[in-house]
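With the sequences and hints as input, model every part of the structure.
Just so you know, the protein sequences line up as chains A and B, in that order. At position 209 of the first sequence (counting the first as 1) the number is 644 in our numbering, and the numbers step up by one without a gap. At position 34 of the second sequence (counting the first as 1) the number is 469 in our numbering, and the numbers step up by one without a gap.
All clues given are correct.
Pairwise CB distance ranges (calculated):
id: 1; chain 1: A; residue 1: D487; chain 2: B; residue 2: K696; range: 48 to 56 Å
id: 2; chain 1: B; residue 1: T589; chain 2: A; residue 2: D688; range: 39 to 47 Å
id: 3; chain 1: B; residue 1: P624; chain 2: A; residue 2: D458; range: 56 to 64 Å
id: 4; chain 1: B; residue 1: K683; chain 2: A; residue 2: C548; range: 38 to 46 Å
id: 5; chain 1: A; residue 1: Q637; chain 2: B; residue 2: S490; range: 54 to 62 Å
id: 6; chain 1: B; residue 1: G609; chain 2: A; residue 2: K527; range: 26 to 34 Å
id: 7; chain 1: B; residue 1: G638; chain 2: A; residue 2: D458; range: 45 to 53 Å
id: 8; chain 1: A; residue 1: F603; chain 2: B; residue 2: G609; range: 28 to 36 Å
Everything labelled a hint here was simulated from the structure, so no lab data went into it. Glycine is no exception: its CB is placed at the ideal position from the N, C-alpha and C atoms.
Protein chains: 2
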Amino acid sequence: MLIVGERINGMFQDVRKAIQNKDKNTIQDLAKRQADAGARMLDVNVGPAASDQISAMKWLVETIQQAVDTPLSIDSAKPEVIEAGLKLCKKKALINSTTGEKAKLDALITLACDYKTGLLGLTMDEKGIPNSVQTRVEIGLKILSAATEAGIPTEDIYLDPVVLPVKFGQDQIGIMLQTIRELKLLSDPAPKTICGLSNVSQGCPDRSLVNRTTLVMAIACGLDSAIADPLDKQLMEAMITSELLLNKFIYCDSYLTAYKKAL
Amino acid sequence: MLIVGERINGMFQDVRKAIQNKDKNTIQDLAKRQADAGARMLDVNVGPAASDQISAMKWLVETIQQAVDTPLSIDSAKPEVIEAGLKLCKKKALINSTTGEKAKLDALITLACDYKTGLLGLTMDEKGIPNSVQTRVEIGLKILSAATEAGIPTEDIYLDPVVLPVKFGQDQIGIMLQTIRELKLLSDPAPKTICGLSNVSQGCPDRSLVNRTTLVMAIACGLDSAIADPLDKQLMEAMITSELLLNKFIYCDSYLTAYKKAL
Numbered sequence: 436m437l438i439v440g441e442r443i444n445g446m447f448q449d450v451r452k453a454i455q456n457k458d459k460n461t462i463q464d465l466a467k468r469q470a471d472a473g474a475r476m477l478d479v480n481v482g483p484a485a486s487d488q489i490s491a492m493k494w495l496v497e498t499i500q501q502a503v504d505t506p507l508s509i510d511s512a513k514p515e516v517i518e519a520g521l522k523l524c525k526k527k528a529l530i531n532s533t534t535g536e537k538a539k540l541d542a543l544i545t546l547a548c549d550y551k552t553g554l555l556g557l558t559m560d561e562k563g564i565p566n567s568v569q570t571r572v573e574i575g576l577k578i579l580s581a582a583t584e585a586g587i588p589t590e591d592i593y594l595d596p597v598v599l600p601v602k603f604g605q606d607q608i609g610i611m612l613q614t615i616r617e618l619k620l621l622s623d624p625a626p627k628t629i630c631g632l633s634n635v636s637q638g639c640p641d642r643s644l645v646n647r648t649t650l651v652m653a654i655a656c657g658l659d660s661a662i663a664d665p666l667d668k669q670l671m672e673a674m675i676t677s678e679l680l681l682n683k684f685i686y687c688d689s690y691l692t693a694y695k696k697a698l
Numbered sequence: 436m437l438i439v440g441e442r443i444n445g446m447f448q449d450v451r452k453a454i455q456n457k458d459k460n461t462i463q464d465l466a467k468r469q470a471d472a473g474a475r476m477l478d479v480n481v482g483p484a485a486s487d488q489i490s491a492m493k494w495l496v497e498t499i500q501q502a503v504d505t506p507l508s509i510d511s512a513k514p515e516v517i518e519a520g521l522k523l524c525k526k527k528a529l530i531n532s533t534t535g536e537k538a539k540l541d542a543l544i545t546l547a548c549d550y551k552t553g554l555l556g557l558t559m560d561e562k563g564i565p566n567s568v569q570t571r572v573e574i575g576l577k578i579l580s581a582a583t584e585a586g587i588p589t590e591d592i593y594l595d596p597v598v599l600p601v602k603f604g605q606d607q608i609g610i611m612l613q614t615i616r617e618l619k620l621l622s623d624p625a626p627k628t629i630c631g632l633s634n635v636s637q638g639c640p641d642r643s644l645v646n647r648t649t650l651v652m653a654i655a656c657g658l659d660s661a662i663a664d665p666l667d668k669q670l671m672e673a674m675i676t677s678e679l680l681l682n683k684f685i686y687c688d689s690y691l692t693a694y695k696k697a698l
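Listed below in structure tokens is the structure:
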């Protein structure tokens, strides 16, 4: 499964400081360590604190690409910040993210076509995050239809059921799992599914346990990829073991090591 | 969820020796530790080595009940050994197990009615363990129909999708998970689902990781109970966290401790 490394995000204090101080080492170290740990894509988010988000995004993308050749997920709420990042990407990138809101969806589909990238679509829209599986799946279908109509291949479309913190809405996890199951039924071949995993454990004392348990449940329901922390060893072991149990690669006694070597 | 402690089984060397030597301490210690760790039922299996299985079962049941009042799952392939155990049970017991084979099913349903116990039904029959979800579910339906017709309440019927070792049949886990999903759709109210978890990791170097990952996936698919090792702390934490994420009890920061207190 595709793990998109979440750590280069200005919401983390070390990254925020590194952006402010143009400290390449911190960013490049995070990039290398995440790639070494099994992330096959790295999320890049300048965070809310950057004063000039466009130049911060450019600096991050250039800095990361000097250290690793891992593809990047360009993560921003602002299309102009996303485009600034995409212009510099050397490998096929992922746009993170659109929603079902028409103006945004149109703008980001255009960017995905222009830059030949993947597109992540959150199953929410201008009315917010729906509380029902049905409405989330309807928004997913809207994004999938519009994107494929514009010529984006299904395998480049990643639908996100939206993960909310268990601490603040316990019914949300069941809705999220059922949304994943139903998103996978929208088309054949099915769209990919993805989620921003760590949000589930916001405010929880044992975040890693909550994250990996959510991940394993979501994989059982059809999750294909996750924006998550590849430096969490137990998370990666749970992910690899789930893939093994679902027969995604051949069993050998040293499967944990073998899986990483094959990445 | 109901965890049935698996440790009092003559297949384990310490238990086999304890049966041979009539060593009550070892058995009672295992009973107490499993109950303390969160097992709400204890499986009792004399194992294949006992020379007189009926007297070994009687001795085990009496010995355990001198130490704890946890209900027992009387586990044997032989109806006469099961009946010898049931006769002595002070609390409502579980018969472990019948299959879909008619003669066995009839005999064990009679026992379940006579002793007012729960009934565990493996979704296999005289032809062996089916390789398809459909046939396992058909056998599950056969067991469910026969048991309810005989007056056993649905909530006392535990259907088992059959867990085989991932090392020897990787496609089996996907079949098992889908079987759980479909067994839950057989009736309303649904029958309970259960599995002998540890079998999945036979021959694997990191058994605990494989066991707990399988358990979390199965819970996501509707598993209600498992015969498992409650002394595996990480397994119990994964189980409790899964239940939390599925909104089975209210979140609090100390939910791991709170869950066990509420047992």
